[in-house]
Amino acid sequence: MIQKEAEKIFETRELNVNMGPQHPATHGVLRLVLDIDGETIVKVTPYVGYLHRGIEKLGESLSYFQALPLTDRMDYVSAMSNNIGYCIAVEKLLGIEAPERAKFIRTIVGEMSRIANHLLWLATHALDIGAMTVFLYCFREREWILDLYEMICGARLTVTYPRVGGVRNDVPQEFLESLWKFTDEFPSRILEYETLIDQNRIWLLRTKGIGVISAEEAVNWGMTGPTLRGSGVPYDIRKHMPYDAYDKVEFEVPIGTEGDTYDRYRCRMLEMRQSNKIIRQCIEKLPPGPVMADAPKFTLQPKDKMMPITHPIKGVAYFVDEKVCKGCGMCMRACPAKAITGEKKKPHKIDQALCLQCANCFVTCKFKSMKIVPGGKGLSDEKLAELAKASIPEDIVKAAEHLVAQFEFIKKGPKAPEGELYVATEVPKGELGFYFVSDGSGKPYRMRLRAPSFIHAGCLPRLCIGHLVADVIAAIGTIDIVLGECDR
Amino acid sequence: MAVTEVRISIHPAGLNPKDIAEKIKEKFPDQVVDVTEFRDQVSVIVKKDRIVTICKYLHDDPLLSLDHLQDLTAADYLKKKEVRFEVVYNLYSIKYRHKIRIRAQVPENDTKISSVVPIWAGANWHERECFDMFGIIFTGHPDLRRILMPEDWEGYPLRKDYPLKGPEPENDWPGFTEVLKRSKELREFEWEG
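Chains as they are written, first to last, in the working numbering: chain A, 1 to 488; chain B, 1 to 193.
Calculated from the structure, these hints are not laboratory results. For each residue, glycine too, the CB sits at the ideal point set by N, CA and C. There may be inaccurate statements among the hints.
What the hints assert, rightly or not - Part of the chain B face toward chain A, derived, beta carbon under 10 Å:
no., residue
1, Ala74
2, Val88
3, Trp125
4, Thr139
5, Asp143
6, Phe189
What the hints assert, rightly or not - Pulled a few chain B residues facing chain A out of the computed Cβ check, cut under 10 Å:
no., residue
7, Val6
8, Asn16
9, Arg97
Starting from the given sequences, assemble the full structure and let the hints guide the process.
Take a look at the structure:
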């Protein structure tokens, strides 16, 4: 009786709590609006898009080569896997195939990035839940992997090492030796992490029975990767649609049963061991040979072949070969310094005092009347003619031509056949899909990125409802999202 | 231990995508507009009117069981095709390992299509993104708001008639020209080291 009256007087409603966008546990800029009843979550509304850079729109304005570095900036925790996914999609679109050695190298670096990603995931996930020590241990090993990356491409995070049609360069021997040592030691390191948390009572309480999702529901929500496999669905693109060298190595896929945070954690821990196994097999089987597909129409040929001299523009002078010049006036319009003068249908002349040596005229001339000679600024015409007669210029001219050729090739892109395709690869976070619509030019008409983090972030409300506020942190950690990839 | 390692075999895909396309054609003869193939991937172009019925059939049919919505997106074919927009569904069957792509035509003057969220819950954010980027309205969607762009944004960025670059900074901020002028002056000096 009293209670009924009290309900009439005191209106009850849910409390509205804002979490993020700047919060140490949201792994980026994710904002969650929580409706809570006491400590229990009633409703979760995620807000994303703080890191939106319009990669899909940018991709439509760039050629297939130029868009590659954009993919690093999506999932910056495992940039290598994104690069590989992009390259495989474009290769399939162009109809080329990477050579065997490149495929094995890509498998190695892809699995390295899986280990590096899972280490960072474990470190931050444990830190969020309250286990600080694991964080420090994980970063020790992640550092080793990043050093190995540095050895092959000079970069640690945004690598851009794979290329369309292979990889940028071959791996050095020291890299393989150091990596072999890493794979020797790594299984014992995983045991170290597990002694810290695997049977830890607090860890078990915080992860078991939290964020449970059944197999059917997980598929229905579009989950992929270890997040899906924790629920017991044997879906791994490396097995379902093998790419690179995954059909030539043996590995098992860890599958959970409960579909809770703990099972997803176990899946990732076992996955790291499998990745270790794959790397070892790949090093053992690594075949000799080239690392770039022999398809000059579609791939970038090695730089040392294209450009013997890195910078042929400086320290040279340009002059017009009067016999070849038709006097079309194209170079006059292209010159930014207005150094070229002349009448129509008569040979033009370059004023050497004004010339900036920008090579615009050299690129523009259709009749190849521009000649390059070594020498600095302000040479007299007689001296130029004398220099042109000497035999030195040939290789410089060739170098400049190579440079121009490569420059144009990168800008225009490889001519892709008309059509559309969707290619998926297994990145550490799940299924990374690229959907290309090609209209026959060197740029994609439509480039679509299917980012696993985006879909997983969409599942957050489903995982959190009914749990406590503290479990939201565990749920964010267990789906393993990176907001750079989520927002693109 | 709850988590076990299983050996997943690499066996070829289930049904040929062409057969799936034939099945759809048989079931919905008046809906299918065209079937295209590129690099062993088959797309079925359909009208938008009965898209939910088609998707429901693909999802529920025991022989097809296309339970995994890999991707849902749209494409803008401004001045390229008669029907401007196409909503693209990439479907995959985890059980049978076959896939098919459905493309639903959405004309410019009526950018409405039924939502498939009741079939695949994961389509929720995909459809929101499509609305955000292309302005396609998914009827029956539980919460159709902008997702990546700010909520008060005008225009639909991934449409082909939307510019890639914004206005020049000079028009927005008068101080910018001064900065440019100053940097030009300073460029005269050669900096060492």
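Hints versus structure:
1. A hinted interface residue such as Ala74 (chain B) counts as satisfied when its beta carbon comes closer than 10 Å to some beta carbon of chain A; here the least separation is about 9 Å, so the hint holds.
2. Given the 10 Å rule on beta carbons, the hint for Val88 (chain B) holds: about 7 Å separates it from the nearest Cβ of chain A.
3. Look at Trp125 (chain B): its Cβ gets to within about 4 Å of chain A, closer than 10 Å, so that hint holds up.
4. Nearest Cβ of chain A to the Cβ of Thr139 (chain B): about 20 Å, over the 10 Å cut. The hint is violated.
5. Of the supplied interface hints, the one on Asp143 (chain B) holds, with its beta-carbon coming within about 9 Å of a beta-carbon of chain A, less than 10 Å.
6. About 18 Å separates the beta-carbon of Phe189 (chain B) from the nearest beta-carbon of chain A, more than 10 Å, and the hint is not met.
7. For Val6 (chain B), the suggested interface contact is upheld, since its CB lies about 5 Å from the closest CB of chain A, less than 10 Å.
8. A least Cβ separation of about 15 Å between Asn16 (chain B) and chain A goes past the 10 Å threshold, and the interface hint is therefore violated.
9. Nearest Cβ of chain A to the Cβ of Arg97 (chain B): about 6 Å, under the 10 Å cut. The hint holds.
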